[in-house]
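Top to bottom, those sequences are chains A and B.
The first sequence: position 97 = 97 (the numbering used here), numbered continuously.
The second sequence: position 36 = 149 (the numbering used here), numbered continuously.
Any given hint might turn out to be false.
The following residues of chain A were derived to be distant from chain B, with all beta-carbon distances above 12 Å [unchecked claim]: (1) Thr13; (2) Ser27; (3) Asn52; (4) Lys78; (5) Gln80; (6) Pro81; (7) Ile112.
Per the computed footprint, the stretches of chain B lying under chain A, defined by three or more beta-carbons under 8 Å from a beta-carbon of chain A, are [said to hold, decoys possible]: (8) 138-148; (9) 151-161; (10) 199-208; (11) 212-223.
Rather than coming from a laboratory, the hints here were simulated on the basis of the structure.
Positions of the beta carbon are idealized from the N, C-alpha and C atoms, including for glycine.
Each chain, written out:
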Amino acid sequence: DAGVIQSPRHEVTEMGQEVTLRCKPISGHDYLFWYRQTMMRGLELLIYFNNNVPIDDSGMPEDRFSAKMPNASFSTLKIQPSEPRDSAVYFCASSSGGQQPQHFGDGTRLSIL
Amino acid sequence: GNSVTQMEGPVTLSEEAFLTINCTYTATGYPSLFWYVQYPGEGLQLLLKATKADDKGSNKGFEATYRKETTSFHLEKGSVQVSDSAVYFCALSEGGSYIPTFGRGTSLIVHP
Numbered sequence: 001d002a003g004v005i006q007s008p009r010h011e012v013t014e015m016g017q018e019v020t021l022r023c024k025p026i027s028g029h030d031y032l033f034w035y036r037q038t039m040m041r042g043l044e045l046l047i048y049f050n051n052n053v054p055i056d057d058s059g060m061p062e063d064r065f066s067a068k069m070p071n072a073s074f075s076t077l078k079i080q081p082s083e084p085r086d087s088a089v090y091f092c093a094s095s096s097g098g099q100q101p102q103h104f105g106d107g108t109r110l111s112i113l
Numbered sequence: 114g115n116s117v118t119q120m121e122g123p124v125t126l127s128e129e130a131f132l133t134i135n136c137t138y139t140a141t142g143y144p145s146l147f148w149y150v151q152y153p154g155e156g157l158q159l160l161l162k163a164t165k166a167d168d169k170g171s172n173k174g175f176e177a178t179y180r181k182e183t184t185s186f187h188l189e190k191g192s193v194q195v196s197d198s199a200v201y202f203c204a205l206s207e208g209g210s211y212i213p214t215f216g217r218g219t220s221l222i223v224h225p
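Bound conformation, chain A alone:
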């Protein structure tokens, strides 16, 4: 069974450019989570979806960040315009909800120059 798939694995771009990160959750999982991980702040929850509907986006740092889930098998996290302080590893995770564990992708390492 395939795990959570994220693309790209690495992204290097210049400040001001639009960045789109992609995620394919595990089939049958109703919950999808986007996290950001940095040395300074650790693992931060940005937003999560249930049945493709955004439930809590209080962790999204500012209006430059947006996330969508057009169907059960695909989600995007977009940053426009990007800034150097957005450099981090971004993880997508999915779960079947409740007290079930989360399954993480291998992350996208984003560097904004």
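Following the hints, complete the assembly by docking chain B onto the known chain A.
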């Protein structure tokens, strides 16, 4: 609100040493408890879990016991290997909220 507190790292050990990574939690209800491991360049993966008091989770030689009286879920391994070098995260999840709470992570470095 819920919270998870882990010991500060890095924890540095020699191969075959005994490992303990402390984890304590605060929760309003009866959470499930988890340990995740993150190897370099990878995402977090579930190491073990326990769903009720006095349960012991175990996997790959690692163990942790859900202690409700001390609100703890300490991770232990009797003999660590170099391949165990990673970052370990303690986490909890309650039935009323689908947002898990993670600790800050503890880096483990095992020398040959």
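To see whether the hints hold, each was checked on the structure:
1. For threonine 13/A, the condition that its CB be more than 12 Å from all CB atoms of chain B holds, with the nearest at approximately 20 Å.
2. Against the 12 Å criterion, serine 27/A stays outside the reach of chain B, whose nearest CB is about 18 Å from its own CB.
3. Distance check on asparagine 52/A: its Cβ is at least 14 Å (rounded) from any Cβ of chain B, clearing the 12 Å threshold; non-interface status holds.
4. Non-interface status of lysine 78/A relative to chain B is upheld: no Cβ of that chain comes within 12 Å, the nearest being about 20 Å off.
5. For glutamine 80/A, the requirement that its beta carbon stay farther than 12 Å from each beta carbon of chain B is met, with the minimum near 25 Å.
6. Look at proline 81/A: its CB is around 27 Å from the nearest CB on chain B, clear of 12 Å, so calling it non-interface holds up.
7. No beta-carbon of chain B is positioned within 12 Å of the beta-carbon of isoleucine 112/A; the least distance is around 20 Å.
8. Remark: the stretch 138-148 of chain B is confirmed as covered by chain A, as 3 of its residues place a Cβ nearer than 8 Å to a Cβ of that chain, reaching the required three.
9. Only when three residues or more bring their CB closer than 8 Å to a CB of chain A does the claim for the stretch 151-161 of chain B stand; here the count is 6, and the claim holds.
10. Coverage of the stretch 199-208 of chain B by chain A holds. Counting CB-CB distances below 8 Å, 4 residues qualify, and the rule asks for three or more.
11. Here's how the stretch 212-223 of chain B fares: 5 of its residues keep a CB closer than 8 Å to some CB of chain A, so the rule of at least three is met and the hint holds.
Violated hints are absent here; each numbered hint is respected by the structure.
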